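> Every letter in the sequence shown is one number past the one before it in the working numbering, and letter 105, counting from 1, is 142.
Please note that a few of the clues may not be correct.
Below, simulated DSS-like cross-link-like pairs (lysine-lysine); rule was C-alpha separation at most 25 Å, straight line [what the hints assert, rightly or not]:
#	residue 1	residue 2
1	Lys67	Lys47
2	Lys156	Lys78
3	Lys89	Lys235
4	Lys78	Lys67
5	Lys296	Lys261
6	Lys89	Lys156
7	Lys261	Lys315
8	Lys295	Lys261
9	Lys47	Lys78
10	Lys235	Lys156
Because the hints were derived from the structure by calculation, they are not lab data. Note that the structure is a prediction, hence the values are computed from the model and not measured.
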Amino acid sequence: MSSYGGWAGKILRVNLTTGRISTEDTMKYKDFLGGMGLGYKVMWDEVPEDTKAFDEANKIIFGVGPITGSGAVCSSRTNVTSLSATHPGQNLITDGHMGGHFAAELKYAGWDGIIIEGKSATPVWLRIVNDQVSLENATRLWGNGVYRATNEICQMMGSEAQVAAIGQAGENMVHMASILTGYSHSAGCHGGVLGSKKLKAIGVIGNNPVRIAGDTNQWRELDKHVMSIIGSNNQIVVPRFPQPWSEFTSPSSRWTAKKGLYWGAAKPPVETGECHPKDMNSVGYRCQKALLDLSADSGKVPCQNGGLSILSYSLSFECQCSRFRKVWLFC
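Using the sequences and the hints, build the whole thing.
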């Protein structure tokens, strides 16, 4: 397979009708940048006109981009492209996007995308561990929600697995059914396509590096600079209270980190503080919002159900940083 900076070089193709699993060179799609470009090109070339979303001839593509898994901020995005049943009459090609760690894990496994085609006769799930790929029986997973299916696949593969799955809505081909990963990240409208193909989930584990063309130090410094600017405040979110890293504040903002605000369930309690841009371990604290979810006493008592703690955000950020250690091999 060809090797270019940022690309793993391989695309996985899975035919659910025949069970055939094959590999293609990413560079045949090099002029169609990113997961979206890959998805639309495959749909344009391979899906016949007048195909409907739940027809066997339809395909669904999970694509990632050249900076996915590189450590670049906000780069772990999965683009899911297929025909959408939400458009009456002629089903149109649309793409959904989901965050989480699935995209980066797919790249670490050595894949730039997955092309799913055909239709299985019985429920299956796709197991990917680096270049070891297989279709597994999903009969006992069928009928379960996303959370249970994800838990069971992680028990079979290992807790480090990243899973994209559908629930009962997808199985029953509800037009707006989503595909979920990481329990809280979703790509809308294509869950029914997986349901029509009897594909319950995709589980992936990878431990390969992502090779990027460029200077290691420059890439690290650029990534740190961008993280210091936005931290966990993407989508133009600003803090409620004045912070040295933000030009603007808003009394209606849900992000409530500040000096003197603690997460009381931590041992010892964690102060959100100023979340200084130079402190990479605290930028995840910026999106602390227990003050809104759990009342003004949230900093003094353990968190109750329904609120997201600072600790969950900070551990997530730490986890991402540890995953990024796979990145620093450059061509």
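> For each hint, tell me whether it holds in the structure or not.
Going down the list of hints, with the structure as the test:
Distance restraint check for Lys67 and Lys47: the Cα-Cα separation of roughly 12 Å lies within the 25 Å cut-off, and the hinted pair is therefore satisfied. Between Lys156 and Lys78 the CA atoms are separated by roughly 21 Å; this keeps the pair inside 25 Å, and the hint holds. Taking the CA atoms of Lys89 and Lys235, the gap is near 16 Å; set against the 25 Å cutoff, the hint holds. Restraint check for Lys78 and Lys67: the C-alpha separation of about 11 Å stays at or below 25 Å, so the hint holds.
The straight-line distance between the Cα atoms of Lys296 and Lys261 is roughly 23 Å, inside the 25 Å bound, and the hint therefore holds. Restraint check: the Cα-Cα separation between Lys89 and Lys156 comes to about 14 Å, which is no more than 25 Å; the hinted pair holds. A threshold of 25 Å between alpha carbons decides the hint, and for Lys261 with Lys315 the separation of about 8 Å falls inside it, so the pair holds. In summary, the hint linking Lys295 to Lys261 is supported, as the alpha carbons are separated by about 22 Å, within the 25 Å threshold.
With a C-alpha separation of about 16 Å, the suggested pairing of Lys47 with Lys78 holds against the 25 Å cut-off. Distance check on the hinted pair: Lys235 and Lys156 sit about 7 Å apart at the alpha-carbon level, within 25 Å; holds.
Taken one by one, the earlier hints all hold for this structure without exception.
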